[in-house]
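**Q** Modelling step: build the complete structure from the supplied sequences, incorporating the hints.
Now for the letters of each chain:
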Amino acid sequence: MPDALLKVESINVWRGASQVLNDVSLSVGQGEIVALLGGNGAGKTSTLSTISGLLRPKSGSITFAGESGPVSLTSLRPENIVKLGIAHCPEGRQVFGGLSVMENLRMGAYLRHDDQIGADVEHYFELFPILRERADLKAGQLSGGEQMMLALTRALMSRPRLLMLDEPSLGLAPQVIDQIFDRIEEIRAQGTTVFLVEQNAAMALEVADRAYVIENGKITISGNASELAEDPSVREAYLGIETTQATGAEIPPMETSS
Amino acid sequence: MSAYVLQQLINGLVLGSMYALVAVGFSMIYSIVRLINFAHGDVAMIGAFSTFLVFAAAGLPLWVIVPATLAVGAAVAAIIEFLVFRPQRQAPQVNGFITSLGVSILIQNVGILLLSAQPRSVRLPGLLRTNHDFFGARVTTLDILIVAATLISLLVLTLFVKRTRLGIAMRATSENVSAAQLMGIPVNRVITAAFAVGGALAGLAGLMWGGRYGQIDPLMGFVPGLKAFVAAVIGGVGSLAGAALGGYLLGMAEIMIVGMLPSEYGSYRDAFVFGLLILVLLVMPNGLLGKPAEERA
Ligand SMILES: Nc1ncnc2c1ncn2[C@@H]1O[C@H](COP(=O)(O)OP(=O)(O)OP(=O)(O)O)[C@@H](O)[C@H]1O
Ligand SMILES: [Mg+2]
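Residue numbers (the numbering used here), protein chains in the order written: chain D, 1 to 258; chain U, 1001 to 1297.
One or more hints might be untrue.
[Unchecked claim] No farther apart than 25 angstroms at their CA atoms in a straight line, the calculated lysine to aspartate or glutamate pairs in the DMTMM-like style are these:
#1 U/Lys-1162 <-> D/Glu-122
#2 D/Lys-83 <-> D/Asp-114
#3 D/Lys-58 <-> D/Glu-215
#4 U/Lys-1162 <-> D/Asp-136
#5 U/Lys-1162 <-> D/Glu-79
#6 U/Lys-1162 <-> D/Asp-120
#7 D/Lys-58 <-> D/Glu-79
#8 U/Lys-1162 <-> D/Glu-133
#9 D/Lys-7 <-> D/Glu-227
#10 D/Lys-7 <-> D/Glu-79
#11 D/Lys-58 <-> D/Glu-9
#12 D/Lys-218 <-> D/Glu-230
#13 D/Lys-58 <-> D/Glu-91
#14 D/Lys-138 <-> D/Glu-126
#15 D/Lys-7 <-> D/Glu-67
#16 D/Lys-218 <-> D/Asp-23
#17 U/Lys-1162 <-> D/Asp-115
#18 U/Lys-1291 <-> D/Asp-136
#19 D/Lys-83 <-> D/Glu-185
#20 D/Lys-83 <-> D/Glu-122
#21 D/Lys-7 <-> D/Asp-23
#22 U/Lys-1162 <-> D/Asp-114
[As the list claims (entries may be wrong)] To spell it out: a stretch of chain D is covered by chain U in this simulated footprint if at least three of its residues, at any positions, have a beta carbon under 8 angstroms from a beta carbon of chain U; those stretches are:
#23 78 to 86
#24 108 to 117
Keep in mind the hints are simulated off the structure, nothing from the lab. Quantities reported herein were computed from a predicted structural model and do not represent experimental measurements. Beta carbons are placed, not taken as given, at the ideal position from N, Cα and C, and that holds for glycine.
**A** In structure tokens:
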């Protein structure tokens, strides 16, 4: 694994009376795509929210390799975490529906004061021409796929070094998912590290270098993406493929009689 | 008769301007933190007292008094937000509501304690009481200034909210606090700024109120604050344009009720105002310009 950009060590997180993360440790290396897989309520969103400062861990540490040395994130406010170079594209997109597409992008660049903001918008309009067409429309009027493109672009507007995506494939048509995942690979190719949360394990394992599986707030499996794709328990639980423990061979589909 | 109607319209416009200023700030605060802030009218009272007891008493000219009062209103609202509302940001909505009632009563009682409940006569410096004839109706320079200053304030506010980085951040925060935080927007500072803007407008309204009616007292903010709340609800809570519209409608309606009905009904003006509120909400549950609840989320 390359040098760690993000290191999460033994965090315990509570929401109200219930513990949602239990001794979670993981790391994301510089330039990697790392996936975090798990079912509903497993703790994926809670993990991202704790990294981005929306939730505070009761114990444990989160360290980010900042431009001028390692920084502990656990006591920073969300805006300072964004400032360090971490962008979190939230679950369900959460674009600002009452703001125009352009205003959403401006908010993505909220902490920037350089003169390249317009050039970046232009660059992303080239990548997603539909956003240019919709620039003055309220974000709430966009389709789900267009909103995802906007949410992704909005997160990129802060020029992050680490991009965290929470279920980007959620509720989208297969072609749109393909398009989004192509972009994710391009983003990494241009040097941005990606931490990808997904229930769609098949897609995630295709693009990721490494992956973790979280269940009930605990990391249960971790390894290279290609290994996980062959792991019988992952195949069964997250790829929907029934396997026999002994051989790993697929059971032929049952006859369906009508 | 038509000069009489015109006079009533002008009086309604002036009263409506002051309601609009308070209502817009009230609505702004509501839309960003979902707080029904009953102390908002009391900020107008503090604005009025600082105008007349401090700035005018010190002999300052009007062009200094107005910005100074705006600053006092902004500071008072921001301090209340920081000290009282911020610590219970995560608490249920009803807590904020009760707290604001408490703050309102506290401010009023401290005001009575320090300044006595006795209304005092006040006046603004300059030739503001000069009468002008307007098609048979009587208009003072102050009336013209009140309406003009309100319209300018509303215009500046609209540009601020629509165009500036901070204004857009306010709208983003009012829609989705956690998503705003993920953009790096310092939401606490943005919320304080929204209170400050609302407080400045309330302070200005207090100055106008004292100047127009010639009297101030520590309880003077309560009823206008309540009416601004009504105006904001009539206009559609959370909509700034709606709050301004509601303020003007309410001011007009109130003056018309007082002016057109036989004088023995005059003392029931507040009953008519609230009757109007109920009527509007029966026909348009979201107010005139409000969005349906599910869209507001
Ligand atoms: N706001 C909240 N308050 C209290 N508990 C919460 C809250 N949000 C989530 N939880 C609980 O935290 C646990 C983890 O939820 P989390 O949202 O992190 O799961 P997830 O893996 O992202 O699930 P999903 O795939 O459904 O998005 C769940 O048990 C959930 O019930
Ligand atoms: Mg989730």
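**Q** Which of the listed hints are not met by the structure?
**A** none
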